[in-house]
Structure formats: structure tokens, C-alpha cells
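If you read the sequences in order, they're chains H and D. Just so you know, the first sequence maps onto residues 983 to 1102 in the working numbering. Just so you know, the second sequence maps onto residues 983 to 1102 in the working numbering.
Bear in mind the hints are in silico, worked out from the structure with no lab data behind them. Worth double-checking, as some hints may not be accurate.
Unchecked claim - With a Cα cut of at most 25 Å, we get these calculated BS3-like pairs of lysine-lysine:
#1 LYS1017/D to LYS1017/H
#2 LYS1000/D to LYS1047/D
#3 LYS1017/H to LYS1083/H
#4 LYS1000/D to LYS1047/H
#5 LYS1017/H to LYS1083/D
#6 LYS1083/H to LYS1017/D
#7 LYS1000/H to LYS1047/H
#8 LYS1000/H to LYS1047/D
Residue-level listing of the chains:
Protein chains: 2
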Amino acid sequence: MPEAVSISATPEQLAAVKYDANGLVAAIAQDVHTKAVLMMAWMNADTLRTTLQEGRMVYWSRSRKEVWRKGDTSGDRQFVREAYYDCDGDTLLFLVEQEGKGACHTGEYSCFFRSFGPEG
Amino acid sequence: MPEAVSISATPEQLAAVKYDANGLVAAIAQDVHTKAVLMMAWMNADTLRTTLQEGRMVYWSRSRKEVWRKGDTSGDRQFVREAYYDCDGDTLLFLVEQEGKGACHTGEYSCFFRSFGPEG
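The shape of chain H in the complex, shown without the other chains:
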């Protein structure tokens, strides 16, 4: 059973994050073991803070307009192991321990299960 470990971000690190006009920043979740990119979703300043404090991925659902504690419904939580922000501060990258069968609401392991090209 994966454990949640909180990350103590400094005020300077948090201030480097830039939010868009809707107050959101893109957050990529990557499997810390397989290195597969699992999904991309959005966080606001509050859910980023919660994510770092609780050590598990908490997004902001743009469609439902509510806090999305990933895995509360599905059981497939994501525990944060490393957390990064990019050069211009508008994208976050989390290396996570993925619980359960995967990240995607379709039941797939990664949300990126469809490819362009003849093999589809």
C-alpha cells in the first residue's frame, strides 16, 4: 500500500508558479516506476498546496468546477514522489505512484492509450 509523503515547498517555489486567466496551471502525472505519462489535468493554487501537503494528486475539475481528489471515487489514487515546475512556471510535473489499475476513467492504465497512425 503506497504511503503519502508531503513535500515542503518554499514560498519562492510556490510564487514561481504562474496561473492562467482561470487561475489554473497544467499538471502532468508520470508513473515514477514505468515513467509512462499517465494524464494531464489542472490545478489551482489551493489544490496544488493540498497536493504537496497531502502527498497525493488533487486536481481542479474544469468540467465539474470542483476539487477533484483523484481516486476518491475510483480508488486509483496517485501518491506524489517528486514534483517539478517548468522554466516558465506554467506547467507542473509530478512523478507519482499510481494506485489500482491505472489513471484513466476508461479503465486504461494511461489516458494516452490511443495513437496517431495506421495502428491506431
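Fit chain D to the supplied structure of chain H, relying on the hints for placement.
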């Protein structure tokens, strides 16, 4: 020297991509060899088509409001090896062969070179 290989997407695959109010879709570039996430930027329908046809990453620069043929200035081009779209079609994932020293304009290999936490 990496070679560009084009990807023949079907009309159905291209139609599954959903663009935001600005006509853009998020595009993640991941190193096909190391599996490191290199950067996240944006494409419109035209630059996605160009990316697949030419087999190298062509973004839309939101700040400069122009086509951004990654590497034309820096020499650090990204050659596409695999291309995916996610379950709701609003994020793309490209596995790329990264030319030169890396993806970031700062000179870093990945744009995600800063981490949250005491080690910074």
C-alpha cells in the same frame, strides 16, 4: 543524425482532437529513450498536421503568436517517434528523439529542472 519519419493519422484520429477556445491543444514532449518529460507547449490544428507530416515537433507559440518550428533557431529539434491523444482528446503526447543538448531554452535538458521541496 536523427531522421524525420512522418505519421499518417486517419481523419477519425484527427477529428478526436479537441481544441480550446483559442484553437489550441496541449502537447507534451517526452524523450523516447530516457522517458523524461521534456516540455509542454501548444499546437493548433495546422501545426499538429505539420508535426505529423514532417515528423518533427512544430508548436504554436502563444507568446509570439506564431508557428514555432522547435529547433530552427536553437538547432535542438525534436523528431517524433510515437504520437498519442488522450481519452478526452484535449492533450497530446509525443515520444521524441531530442536533438542537441536538450529541450529547454535555458540550456537545460528538460524544462522541468526545478523541483518543489527543500532540495529545490
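Which earlier hints turn out false for this structure, listed by number in ascending order? Failing hints: none at all.
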